[in-house]
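Quick note, the sequences are listed as chains A and B, same order. Per the numbering used here, residue 1 is the first one in the first sequence, and the count goes up by one each step. Per the numbering used here, residue 374 is the first one in the second sequence, and the count goes up by one each step.
Simulated from the structure, these hints should not be mistaken for laboratory data. Bear in mind that the values here come from a model prediction, so they are computed numbers and not experimental data. Just so you know, even glycine gets a beta-carbon here, dropped at the ideal spot from N, CA and C. Hints may contain errors.
[Claimed, not checked] Pairwise CB distance ranges (calculated):
(1) A117/A with V721/B: 52 to 60 angstroms
(2) V729/B with V249/A: 26 to 34 angstroms
(3) P253/A with S452/B: 25 to 33 angstroms
(4) A720/B with A74/A: 39 to 47 angstroms
(5) D92/A with R530/B: 15 to 23 angstroms
(6) Q22/A with A386/B: 47 to 55 angstroms
(7) P253/A with S434/B: 32 to 40 angstroms
(8) R389/B with T38/A: 36 to 44 angstroms
(9) K375/B with T216/A: 49 to 57 angstroms
[As the list claims (entries may be wrong)] Under 8 angstroms between C-beta atoms, here's a sample of chain A residues computed to sit facing chain B:
(10) N131
(11) L153
(12) V162
(13) T164
(14) Q288
(15) F317
[Said to hold, decoys possible] Straight-line alpha carbon distances no greater than 20 angstroms define the calculated SDA-like cross-link-like pairs of lysine to any residue that follow:
(16) K570/B with M737/B
(17) K205/A with F427/B
(18) K418/B with N140/A
(19) K570/B with S653/B
(20) K375/B with L597/B
(21) K101/A with T710/B
(22) K101/A with W713/B
(23) K205/A with K367/A
(24) K91/A with K119/A
(25) K572/B with T394/B
(26) K101/A with V531/B
(27) K383/B with S653/B
(28) K418/B with P315/A
(29) K205/A with R568/B
(30) K119/A with L169/A
(31) K205/A with S653/B
(32) K205/A with D391/B
(33) K570/B with R732/B
(34) K101/A with F714/B
(35) K91/A with K383/B
(36) K449/B with F319/A
(37) K487/B with P109/A
(38) K570/B with L594/B
(39) K101/A with W534/B
(40) K487/B with L169/A
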Amino acid sequence: MKYIWQLFDSPLWSLVRKEINQILRNRQLIVLLIVPPTVQLLLYGFALNPDVHNLRLGVIDYANISASRELVSAMTSNHTFNLESVPKSEKDLSRQVEEGKLDVGLIIPPNFPRQLANKSAEIQVFIDGVNANTAGIAANYVNQIIQQYNFSLAQGQISPPVSTEVVFLYNPGLTSSWFFVPGVMGLVLTLIGTLVSAVTVVREKDTGTLEQLLMTPSSNWEILLAKIIPLAFLLMGDVLLALTLGTIVFSLPFRGSFLLFLALSSMYVFVGISLGIMLATICGSQQQVLLTSFFINLPMIQTSGAISPIESMPPLFQFLSLFNPLRHYITIVRGILLKGVGLDVLWLNVLALLGFAVVLLTISVHKFRSQLS
Amino acid sequence: MKRIFSQCVKEIAQFRRDRLTLGLAFLLPFLTLLIFGFAIRLESKDIPLIVQDFDRTNLSSSYIERLYATNQFTPKQWSGGNPARDAIDRGIAKAAVVIPPQFSRDIQAGRNAKVQVLIDATDVNNARVIRGSIQRVTNFFMRDQGLIPDTNIVTPRVRLWFNPGRLESLYIVPGTYGVVLWIFPSLLTAIAMVREKEKGTILQVYASSISATELLLGKGLAYLLIAITEALIVMGLGSIIFHIGIISNPITLLIGTLLFLIDSVSFGLLVGVRSSNQNSAVQIVSLVGFITSLLLSGFIYPLSNIPFPLSLTPNVFPARYYIDITRDAFVRGTGWTGVWFDLLMLAVLGFVFFNVARRLLSRMQISQ
Chain A
1 MKYIWQLFDS
11 PLWSLVRKEI
21 NQILRNRQLI
31 VLLIVPPTVQ
41 LLLYGFALNP
51 DVHNLRLGVI
61 DYANISASRE
71 LVSAMTSNHT
81 FNLESVPKSE
91 KDLSRQVEEG
101 KLDVGLIIPP
111 NFPRQLANKS
121 AEIQVFIDGV
131 NANTAGIAAN
141 YVNQIIQQYN
151 FSLAQGQISP
161 PVSTEVVFLY
171 NPGLTSSWFF
181 VPGVMGLVLT
191 LIGTLVSAVT
201 VVREKDTGTL
211 EQLLMTPSSN
221 WEILLAKIIP
231 LAFLLMGDVL
241 LALTLGTIVF
251 SLPFRGSFLL
261 FLALSSMYVF
271 VGISLGIMLA
281 TICGSQQQVL
291 LTSFFINLPM
301 IQTSGAISPI
311 ESMPPLFQFL
321 SLFNPLRHYI
331 TIVRGILLKG
341 VGLDVLWLNV
351 LALLGFAVVL
361 LTISVHKFRS
371 QLS
Chain B
374 MKRIFSQCVK
384 EIAQFRRDRL
394 TLGLAFLLPF
404 LTLLIFGFAI
414 RLESKDIPLI
424 VQDFDRTNLS
434 SSYIERLYAT
444 NQFTPKQWSG
454 GNPARDAIDR
464 GIAKAAVVIP
474 PQFSRDIQAG
484 RNAKVQVLID
494 ATDVNNARVI
504 RGSIQRVTNF
514 FMRDQGLIPD
524 TNIVTPRVRL
534 WFNPGRLESL
544 YIVPGTYGVV
554 LWIFPSLLTA
564 IAMVREKEKG
574 TILQVYASSI
584 SATELLLGKG
594 LAYLLIAITE
604 ALIVMGLGSI
614 IFHIGIISNP
624 ITLLIGTLLF
634 LIDSVSFGLL
644 VGVRSSNQNS
654 AVQIVSLVGF
664 ITSLLLSGFI
674 YPLSNIPFPL
684 SLTPNVFPAR
694 YYIDITRDAF
704 VRGTGWTGVW
714 FDLLMLAVLG
724 FVFFNVARRL
734 LSRMQISQ
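Pulled out of the complex, with its shape left as it was, chain A reads as follows (with noise of 0.2 angstroms):
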């Protein structure tokens, strides 16, 4: 008790009831804490979305036989591919296809069932492959459909010997917004984070109150600590807002342990201010903080599986993204929420961000105290 009545006694406890007095004076953080983060994580969570359907389909069928028909109808049946225009020629549907009307072009040819009579039947189909990913699923799906397609015309056949059953662990229901979230967190706490530290700490130095602040005889950790503490606190609000929105729109599962999230999470916050503050004690004006807090911000993003995953990445950007804390935040927060592991799975991220939190609040530390001089 009587520890805790100290605290309340120190400077720095009145140096964070500064802080926290600014902070609230300042309507435009505020807004800037719940507008970005809840703006993103819905937007991403809604509309990235790697579903391949409803692609437009175009079917030029000369044979025009139940077969054929048929065969349209199985590609048209599950909202893959819609059908959207019937053309007269293939002239007329390779123009629609390179004007980028059409996703996709179906030609069942004149001799379809005199083929079909000698078991060795031939369609043509062509992709837009301007879209290199949503091609080849596309490519995929017909194979898979003019497969199912055969089986159903070699009648009497028996079941195939061997078949797979399979399990989607983590995510049954293969919701995309689930990936997208967690991901969007972390980005969310990055990129306010970093930004609102360095800019309270340059801006006091552009108005000359920071020299003040140091002349006082309080010592350099105990104002940056009085700076970081309330930053953190209201960071971790984020979170919770972050994971609130994400549970009760995208009903994101918490399967892990809370007590750990919110442990890591501050940890992270907390690599991320030390972040912000570094990069505001290189820089000297306001402008040259945020173009660089953008230099630093963005391929952070990129390379931390927030987005497409890291291992399509090549293998050079694989080992970067080892450097990249926000890399390791991503992978506890879908272990903890999606997967529902533990420490004994995370603890070489945990220890990555342990080793960044150091590394860069002393760097901070270092940087703030040599500004003396």
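Got chain A sorted already, so can you dock chain B onto it with the hints?
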């Protein structure tokens, strides 16, 4: 006209004096291009796969061989309590195939052998791809072993147009031009505009005889020149590094780029006029700019995937039209007939942005 020009010269002189900004203005777009171009890969290769074989017969090992022969999976080992589940929990493997002990006996007896496949579905896109490939391999294995007769009555001849090798850089890089040229020019312009306000020099402008339109035109022109330089650097280096060339009439790309840069700079002016300090200007540009160019532009995932009310919004974002134009110029090559509407929309949006900025600024001027 002369006043616009001298405003423009002043602006560029100011810009040149700030070394760091100057460096970042040209380095940042290039760096972004590199990272996007190299690091964004949606298709999964080298998926770590763990196989647990309880059968240990020739048949099961030839099945495993087939799995790894696709080059899509790389073998992983793990000896934990429950290797399959454990390895996925730890992220060592993305998928596990468990072959049951009765596998070959079941097949020989004509019973159905169930192979269990566990897939890490945290990344949904990946999970689907993995399922598809494992099923394809299984089918292939059955046909190869003569377990099922060849049922290929209809074979599709699938042809991918415009990008037959499915090079992802050919898809990502032209899109990146849209992202980079939307964010950086507008960011620089917005900061320059706001700084004038923060420093109070805008009051001098208000007091002088220069009109809002002239001021914006002067500033806009200066930053348009900077933006054009950025565009040349990014597109030039992008084409060299990623081996991407213009395949259609370059005129549409030239006009489109110019219009898009005008949009970008006008958007920057608009943000600069609206916001009261640099921090909020950067916030607005980064939030609005990133969202409009990254998420709602069709850059990564197709626009048709965006659900209904939200799917209307991309129509008012220039990046969406510009990405159409760059993809046409570098990948598709249709030219005018394919992109005339995009060009028109870019022109309309640029006109709107500039006029809103002008209105806002002149309203402030009167109130002084």
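Those earlier numbered hints the structure runs against, lowest number first
6, 17, 24, 27, 30, 35 and 37
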